[in-house]
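A.B. asks: Go by the hints and put chain C onto chain S.
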Amino acid sequence: MAIDIFLTIITVIFALMLVFSKRTVVSAFALLMTLLTLALIYFQLGSIFLSAVQVLINAGAIAILFVFVMMLINLEQFQNNREKSKIKLVISTFTMLVVLGVLALVINNNIETLSVNNLTDNSMNALFSKLFSTYFLPFEMATVLLLAAIVACIVITTHEKQLVEEETELHKMEPKL
Amino acid sequence: MSIYYYLAAFLFCLGLLGTIFKKDLISILLCLELMMSGVALLFILFSKSTGFLGAQLMVIFTMIISACEVAIGLSLIIALYRKKQTIYTDDIKIITE
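Sequence order for the protein chains is S and C.
Quick note, in the numbering used here, the first sequence goes up one by one and the last residue is 177.
Quick note, in the numbering used here, the second sequence goes up one by one and the last residue is 97.
So that you can see chain C by itself, here it is in the shape it has in the complex:
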């Protein structure tokens, strides 16, 4: 069971790497989802080791929040694609323009 702690940490860090180095917005959202699942795994492991059942309920709330995040993120990507015809982070310079 203890190997799963390292797995959760690794999933979180891999998602972080992908979020920084990926270029299109869909891949960035995929990596954010990976980070969320690492955190959910950590919650379940804590619930097992401490005996605190509320941590498992936190996983349900984490899933709800990640579903909202993905839905709004994808709709923003579609709106951006309609306006600028691209989804790459290099081509979007709204702040610096």
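Just chain S, same shape as in the assembly:
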């Protein structure tokens, strides 16, 4: 029980750091630490495979991708001259409190049924036999989705002008060769 509270407090601290820090690099670091502490929570709950996947994919790839994009974009040049709108903060805090209140009410009313441990077989064997039988079609659809995301990233980030210029330069090079 003590370790539950400890992990929860650490996760909450890093999540608050993510939202309320002024520098975006610090936010990315806080996201990395939040994902790592969540991996610890998964490990403590018994789903070891998901904990490993969380460290490898979410913390190792996605959080680092954010840092790479921050290196491409020069954030420092327009970071300090932004004024904060107070009405936006009030509206977002109100929304957060309403949603949190509703969720806490729902959890509070069902806490006895929710905190029972009914999971008998938590092994990777059971997980993957289900993944490759019942959930095989969603799994294949996920691979198609990943392929579409790769193609979309290449199409979005490539300059049309740059492509045309490269082609014309190639045409100029040909007679010399």
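Since the hints were made in silico from the structure, they are not lab data.
None of the values given here were measured: they were computed from a predicted structure.
A couple of the hints might just be wrong.
Chain S is nowhere near these chain C residues, computed Cβ spacing over 10 Å in every case [said to hold, decoys possible]: (1) 74; (2) 93; (3) 94.
A few chain C residues facing chain S, derived, Cβ under 10 Å [to be verified]: (4) 6; (5) 9; (6) 11; (7) 13; (8) 54; (9) 59; (10) 63; (11) 75; (12) 92.
All residues carry an ideal CB built from backbone N, CA and C; glycine is no exception.
C.D. replies: Structure of chain C alone, referenced to chain S:
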């Protein structure tokens, strides 16, 4: 274990707050990632309390979808930065212009 339910709800709501009140697009994407991780934690907790193993597989699918979302979102941000030289939501008024 029951405290984790409140943690998941809190993470989701904090991500919602950040999504509304942050100003640059990278921070908004970071907060969306926080919301996704709160939902994933809730899936694992439900799998534990109901004994339904499919909920843990949903976490894997959630991770795949969030990876796609982040990749496309970041490439859109880079394309926008090349075109308009900014990533702040105040400076982008494509719809109202």
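A.B. asks: When the hints from earlier in the document are held up against this structure, which numbers fail?
C.D. replies: Violated hints: 1, 12; rest satisfied.
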